[in-house]
Amino acid sequence: MQPKNFSVGVRIEHKQSDLDRSMYGEMSGHPSLPAADYKLSVHDKNGRGIYTFCMCPGGVVTASSSEENTVVTNGMSYYARNGENANSAVLVGITPDDFEND
Numbered sequence: 018m019q020p021k022n023f024s025v026g027v028r029i030e031h032k033q034s035d036l037d038r039s040m041y042g043e044m045s046g047h048p049s050l051p052a053a054d055y056k057l058s059v060h061d062k063n064g065r066g067i068y069t070f071c072m073c074p075g076g077v078v079t080a081s082s083s084e085e086n087t088v089v090t091n092g093m094s095y096y097a098r099n100g101e102n103a104n105s106a107v108l109v110g111i112t113p114d115d116f117e118n119d
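Its first residue numbered 18, the sequence shown is counted upward by one per residue in the working numbering.
Quick caveat, the hints were computed from the structure, so don't treat them as lab data.
Idealized CB from N, CA, C, for every residue including glycine.
Where hints are given, some of them may not hold.
[Unchecked claim] Simulated restraints, written as ranges between beta carbons of each label pair: (1) Ser83 <-> His60: 27 to 33 Å; (2) Val89 <-> Leu50: 31 to 37 Å; (3) Gly26 <-> His47: 14 to 20 Å; (4) Arg98 <-> Gln19: 40 to 46 Å; (5) Asn99 <-> Phe70: 20 to 26 Å; (6) Pro113 <-> Val27: 20 to 26 Å; (7) Arg98 <-> Val27: 17 to 23 Å; (8) Val107 <-> Lys62: 14 to 20 Å; (9) Gly64 <-> Met40: 25 to 31 Å; (10) Ser24 <-> Ala97: 53 to 59 Å; (11) Val89 <-> Asn22: 16 to 22 Å.
[What the hints assert, rightly or not] Taking lysine-lysine pairs in the DSS-like style, the calculated list, with each CA pair at most 30 Å apart, reads: (12) Lys32 <-> Lys56; (13) Lys21 <-> Lys62; (14) Lys56 <-> Lys21.
Generate coordinates for the entire structure from the input sequences, incorporating the hints supplied.
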């Protein structure tokens, strides 16, 4: 067996109104504008990738564990995207070099 790359992360949640203000400025709240969203992607100076995934404007964080004694979260937005909060997964790439090899 050979180790393979994978990603690990967390889900962050913030007020949709804060995100709207940040993205739309004084036009925030205008009825013609949708709930703001974002995507982030960067490689640090060592080449490690850090990125957002599954950004859910006006969405909710959901419990998604499929096994006992585990904590897994996911995010979702309803069609209207009019919830109080927004959420997104923030992940970092992990390589076999991050672990000691036997």
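Hint check:
no.: 1; hint: Ser83 <-> His60: 27 to 33 Å; result: holds, 32 Å
no.: 2; hint: Val89 <-> Leu50: 31 to 37 Å; result: holds, 33 Å
no.: 3; hint: Gly26 <-> His47: 14 to 20 Å; result: violated, 32 Å
no.: 4; hint: Arg98 <-> Gln19: 40 to 46 Å; result: holds, 42 Å
no.: 5; hint: Asn99 <-> Phe70: 20 to 26 Å; result: holds, 22 Å
no.: 6; hint: Pro113 <-> Val27: 20 to 26 Å; result: holds, 22 Å
no.: 7; hint: Arg98 <-> Val27: 17 to 23 Å; result: holds, 22 Å
no.: 8; hint: Val107 <-> Lys62: 14 to 20 Å; result: holds, 19 Å
no.: 9; hint: Gly64 <-> Met40: 25 to 31 Å; result: holds, 29 Å
no.: 10; hint: Ser24 <-> Ala97: 53 to 59 Å; result: violated, 30 Å
no.: 11; hint: Val89 <-> Asn22: 16 to 22 Å; result: holds, 20 Å
no.: 12; hint: Lys32 <-> Lys56; result: holds, 16 Å
no.: 13; hint: Lys21 <-> Lys62; result: holds, 22 Å
no.: 14; hint: Lys56 <-> Lys21; result: holds, 25 Å
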